[in-house]
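Participant: Just so you know, the sequences run in chain order F and C.
Residue 1 is where the first sequence starts when you use my numbering, and the numbers rise one by one after that.
Residue 1 is where the second sequence starts when you use my numbering, and the numbers rise one by one after that.
Hints in this document: simulated from the structure, not taken from any laboratory.
Please note that a few of the clues may not be correct.
[Said to hold, decoys possible] Pairs of lysine-lysine, BS3-like flavour, derived with a Cα cap of 25 Å: (1) Lys6(C) / Lys229(F); (2) Lys97(C) / Lys73(F); (3) Lys36(F) / Lys131(C); (4) Lys122(C) / Lys229(F); (5) Lys73(F) / Lys6(C); (6) Lys4(C) / Lys229(F); (7) Lys71(C) / Lys140(C); (8) Lys140(C) / Lys229(F).
Source: prediction; values computed, not measured.
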Amino acid sequence: MTYMAKALEYAFLYLIFPGFLFSSAMGLLIGWIDRKVTARIQWRVGPPWYQNFIDVLKLLLYKETLVPEGVSKTFFLGMPAVAMASATLVSTIILVINAIPQKGFIGDLIVLVYLLAMPSIALMLGAFASQNPLASLGASREMKLMLSYELPFILSLVVPIMKSGYSIRLGDILIKQANNGSLIGSPSGAISFFVMLLCIQAKLGFVPFDISEAETEIMAGAYIEYSGKALGIFKLAKAIMTFAVPIFLITLYFGGIKFSPVGFIKTILQFILILVLMIVIKNTNPRVRIDQALKFFWGPVALLAVLSVALAYLGY
Amino acid sequence: MGLKEKVLTKSMFVFHLSSGSCNNCDIELLDCLTPRYDLERFGVVLVGSIRHADALLCTGSANRQCMPRIKKIYEQMPKPGFVIAWGACGSSRGLFKDSYNTTEPLDEIIPVDVYIPGCPPKPEAILAGIKKLIDRINSKSKE
Ligand code: SF4
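Could you build all of it, start to finish, from the sequences and the hints given here?
Facilitator: So this is what it looks like as structure tokens:
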């Protein structure tokens, strides 16, 4: 009986709140904020708030899903599901641990790092499965991009781990910050936050790092053969990621979501700060080439990450 | 107006196909995305791949080189999909009517849902055309 109750509880957490339903609704709303702010920056009016919901509904409910001839159906249609399942898991784990820091397990940070990489990997595999030359071009770019941003990403992740006394539990990082002030206040934390911000820009596939889906040169790249439901699920996965990743940053650097009234408003402001920073970076930079991205991430950004690790080691 | 029509009319992903246009129509299409006209207000976005599209927007006079490709691209579009014939050329071959190279108008190659006249059409005409397409989707679903 308790087993049943536990399973039901987890199913609720995963599927409804704060998992799939809640996260995707928030993600789509954030997608609208992105589009609206972009439009305002370009002096346009921009779409209404429900635009992204309508887009996804249309793809999920009313559009035909085409599978190219001679393509492995399981792979081609399974990969969007993999992407969405792992994105949902990321957001569920982060939000649940934010609410109840004791609920985590040892090494949940490592699990999160892997899960955060899953949507990109799924996109890559799906694109390779589609047998379209442009899609495989996009997928190979995505792979190179991943190789380039994962290095500084993991390096800067070391800083919160060191600061919390070498613990790889997200809960410990939160508790430590609750006692000692948030990480962003220290020099090493600030630098590593900055590095992280650049890395997630690439992780979410925002301009200037949308190299794998460059619309004007390789025609949506990795997504090129996806249509209907499969495309809609990919869009949902991306929306969930846009919601979960800034929360991940808040958890690591701002001491997590606070549930007191003032703290909650502060959390929302932090979230909006991260989001607007990302959107401004997105709108003021042209797309880079893949070799430029690699040089950028392995050069200056990785050096900054190393610097922040060194500072954290020295105790700053 | 049911959910289906609302969803289809409020979120139009447009794929732009140039079948031998003189390039004026293509430039005029980009005008619609500028701050002055801003088609994104109505949920219209340009997409890079025909697999994502709800509407195939065809500029140009559909010359012989392009004919088989237009057919192929139309078949690759997930249904329900609509076709917009853009400009005098797209609607009726325009000033290339007697050319050896344009033997058939676009609407004899693929079924066309809306025509947007003009050489090139003004952005206002384009907005009117989108309205026509929305009306057509609504009346189609009533049948
Ligand atoms: S309709 Fe006029 S502007 Fe448009 S492609 Fe034809 S000739 Fe050019």
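Participant: If a hint holds in the structure, say so; if it doesn't, say that too.
Facilitator: Consistency of the hints with the structure:
1. Proposed proximity of Lys6(C) and Lys229(F) is supported: the alpha carbons are some 18 Å apart, at most 25 Å.
2. Distance hint between Lys97(C) and Lys73(F) is unfulfilled; the C-alpha atoms sit about 45 Å from each other, more than 25 Å.
3. For the suggested pair Lys36(F) and Lys131(C), the alpha carbons sit about 23 Å apart, so the restraint of at most 25 Å is met.
4. A hinted pair counts as satisfied when its Cα atoms are at most 25 Å apart, and Lys122(C) with Lys229(F) does not qualify at roughly 35 Å.
5. Distance restraint check for Lys73(F) and Lys6(C): the Cα-Cα separation of roughly 31 Å exceeds the 25 Å cut-off, and the hinted pair is therefore not satisfied.
6. Only pairs whose Cα atoms come within 25 Å are accepted, and Lys4(C) paired with Lys229(F) is accepted, the gap being roughly 15 Å.
7. About 23 Å separates the Cα atoms of Lys71(C) and Lys140(C), which keeps this hinted pair within 25 Å; it holds.
8. Note on Lys140(C) and Lys229(F): the hinted pairing holds, with a Cα-Cα distance of about 23 Å set against a maximum of 25 Å.
The structure is inconsistent with the numbered hints 2, 4 and 5, although it conforms to all the rest.
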